[in-house]
Amino acid sequence: MKLNRKYKIRTDNLSFWYGERQALFNNSLDIEANKITAIIGPSGCGKSTHLRVYNRIFELYRGQKAEGKILLDGENILDEDVDLLDLRRRIGMIFQKPTPFPMSVFDNVAYPLKLHYKLKGSELEARVEAALKGASLWDEVKDSLGKNGLALSGGQQQRLSIARAIAAEPEVLLMDEPTSAIDPIATAKIEELMDSLRERFTIVIVTHNMQQAARISDTTAFFYRGRIVEVGDTKDFFNNPKDPLTQDYLSVKFKK
Amino acid sequence: MIRRSTLPRRIADSLFKITSAVSSSLGLLIMIIIVSTILYYGASMLSIEFLTSPSKPYGEAGAGIANAILGTLLITFGAALIALPPAMAAGIYLAEYGRDSKLASILRFTGNVLMGIPSVVVGIFVYALVVVTFGRFSGFAGSVALAFLMFPVVMRTTEDMLRMVNDSLRESVLALGETRSRGTLKVIFRAARGGILTGVLLALARVSGETAPLLFTALFADSWPTSYFSGPTASLPVLITDYTMNSPFEAMHRAGWGAAFVIAAIILAVNLVSRYYAEKEKL
Ligand SMILES: Nc1ncnc2c1ncn2[C@@H]1O[C@H](COP(=O)(O)OP(=O)(O)OP(=O)(O)O)[C@@H](O)[C@H]1O
Ligand SMILES: [Mg+2]
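Quick mapping for you: the protein sequence lines, in order, are chains G and D. Under our numbering, the residues of the first sequence are numbered 1238 to 1493, in order. Under our numbering, the residues of the second sequence are numbered 859 to 1141, in order.
Please note that a few of the clues may not be correct.
To be verified - No more than 25 Å apart at the CA atoms, straight line, and that leaves these computed lysine to aspartate or glutamate pairs for DMTMM-like:
1. Lys-1243/G with Asp-1310/G
2. Lys-1351/G with Glu-1406/G
3. Lys-1302/G with Asp-1025/D
4. Lys-1334/G with Glu-1139/D
5. Lys-1384/G with Asp-1025/D
6. Lys-1384/G with Glu-1139/D
7. Lys-1306/G with Asp-1318/G
8. Lys-1334/G with Glu-1029/D
9. Lys-1379/G with Glu-1139/D
10. Lys-1357/G with Glu-1408/G
Source of the hints: derived by calculation from the structure; they are not laboratory data.
Let's have the full structure, built from the sequences with the hints guiding it.
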C-alpha cells in the first residue's frame, strides 16, 4: 500500500549534536511530496533541531553538527559541496516568531524575487501580488504596500513571512510552530492557507497543538527525547497510536 | 483577609521615590544652569556680523567666528570620513563574524583602551604622527586626532546595535538563500541603523567639542579654513579656549562666550536630530 507514495525527503540515520550534547539519535523519517507532515512531541525532544537540519540553518552556529543522510529528491543535502544558497531557495522556512525585514511590505516579498530571479518592474509586481495572494494577505495590504512590514499585526506579519517564503518558489516549506505566537483567528487563517499550499509545496510543520496536527496534516511523527517513536498516517496515528509512549503523550495532551 | 502594606515599607518606598526625584532634578538643574549661563553671556554677542565674519586679531573691527564654525564642521566631518568606514566595518566584524574569535577579543580590548586614553594624549600622538611628519599643523591633522577618538565609540555602538538584532532575523535572511555578507548589509544592518546613526551623531557631537587634541594639530588661524590640508585651521573649541583663557581683553571674553553659545546650540541640535531618528526607527 505504500508502494505508490512519492517521497520528497528521505531522512536516513540522522544524528545531531550541540557541542558534546547529542540531541538527535539515528532518526529516519520520510517526507511525502505535496503532503503535510506534522512533527509533535514534548518540549525539548528535538523537533526544531530536526527541522533545522533540512535547510542546514544550524550551520550558522559553531559547534552544531549533523551526521547521517538527508536525501532531497535522492541527493544528500548534507554533502559538503552542496550549494547552500540554492538549497535554501528550494527549502523555505517559516519561524515561530514572525520575522518581517525592516522594510516595506512590498520589499519584503520582493526580496527573494530579486535575489533568485533578478525580477524587476511589472513582472516583479505581479509576482509580489501573487505571493501575497498565496499567503491570503493581499486584500489586507494591497493599499499599503509601502508600509513597513514591522507595522503589521502579528498574524499579518506571519503571513508576510509566508508570502516571502513562497515567493522564492521553494519545493519544501519548513514551519516551526508557525502559529504559536499569534491569536486563534489568525491561526485559523494560516491553517486554511496551509491547506491550499499543500498542492504546490511539500510541508513539514512542527506543532505543539495536537488538534492542529490532527486537522491539517497527512502524516504525523512523534518525537521523544531525540528519537522518533512513531510515524503514521495522521488519522491512524491519532485514533490508534501503537507505541505506549505515544499513547501516554496523546492521552495527557487531549485530556487538557 | 487582605494584607495591608506595612508602615516601614511605605516609608522606604517614599524615601526611594524622593531620592530619585531629587537626584534627577539635580541633573536637570545643572543643565539649566549651564545653558542659562552660556545664554546670559553669549546670546548678546549674536549678530549676523558675528556669525558671518571670520575672526580677526584683537582690535580690528567686524570680527566674528564664522571661520571657526566652518573649521569645526570641516574638521569634524573629516574625522567622520576617516573613522566611520573602518569603525563600522570593525563593528560588523565583531558582531557578525568574529564574536568569540581571538582577533575579536584583541580588537575589543584595543577599543576599550583607546576609549580610555585622554584626548590630550591622542593630540600629542597625532602631532608626532602627522604634524611632525608633514612639517605643518593642519585641519586634516585635527581630523585624524578626532578620528582616533571616534573610532572606538563607533565600533562599539555598531557592534552593540547589531547584537541587539535578534538571531531569528539572521536565520530568516539566510533561510531565503541569501549570503551572509549581503544579508548583513541589506537586512541586519538596516534593522540596527537607527541605533547606529544615533551613536554616530552623538560621537560626532562629542568630538566636535574636543579642544586638547586640536591644540596640537589644527591649531588656530584668523582666516577662512581654506588651508585645511596645509595649514592651521580655526575651530570653535580652540577659539573659545584661546579667547577666554589667554586674552586679557573683555571683548575677546565676550566673543568666547558667543562662540560657546554657538557650539552648545549646534551640539543640542545634533542631539535632537539623533533623538528624532531613534524615535522614528523605533516605530
Ligand atoms: N543552541 C543549543 N545549544 C545546546 N543545546 C540546545 C540548543 N538548542 C536546543 N538544545 C537542546 O536540544 C534539545 C532539543 O531541542 P529542540 O529545540 O530541538 O527541542 P523542541 O522539540 O523544538 O522543543 P520546543 O517544543 O520547546 O521547541 C533540547 O534538549 C535542548 O535543550
Ligand atoms: Mg522548537
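Holds or violated: Lys-1379/G with Glu-1139/D, Cα cutoff 25 Å? Roughly 24 Å separates the two Cα atoms, so the pair holds.
Lys-1243/G paired with Asp-1310/G [C-alpha distance capped at 25 Å]: The hint holds at about 10 Å.
Can you confirm whether the C-alpha distance between Lys-1302/G and Asp-1025/D stays at or below 25 Å? With Cα atoms ~19 Å apart, Lys-1302/G and Asp-1025/D stay inside 25 Å; holds.
Does Glu-1139/D lie within 25 Å of Lys-1384/G when you go C-alpha to C-alpha? 13 Å, holds
Is Lys-1306/G within 25 Å of Asp-1318/G, Cα to Cα? 14 Å, holds
Below or equal to 25 Å on CA atoms is what counts here, so check Lys-1384/G against Asp-1025/D. With a Cα-Cα distance of about 24 Å, the restraint between Lys-1384/G and Asp-1025/D holds, given a limit of 25 Å.
Does the alpha-carbon distance linking Lys-1357/G and Glu-1408/G stay inside the 25 Å limit? Answer holds: Lys-1357/G to Glu-1408/G is near 23 Å, not above 25 Å.
Are the Cα positions of Lys-1334/G and Glu-1139/D separated by 25 Å at most? 20 Å, holds
Compare the distance between the alpha carbons of Lys-1334/G and Glu-1029/D with 25 Å, and conclude whether the hinted pair is satisfied. 11 Å, holds
Run the distance test for Lys-1351/G versus Glu-1406/G: straight-line Cα separation, threshold 25 Å. 12 Å, holds
Violated hints are absent here; each numbered hint is respected by the structure.
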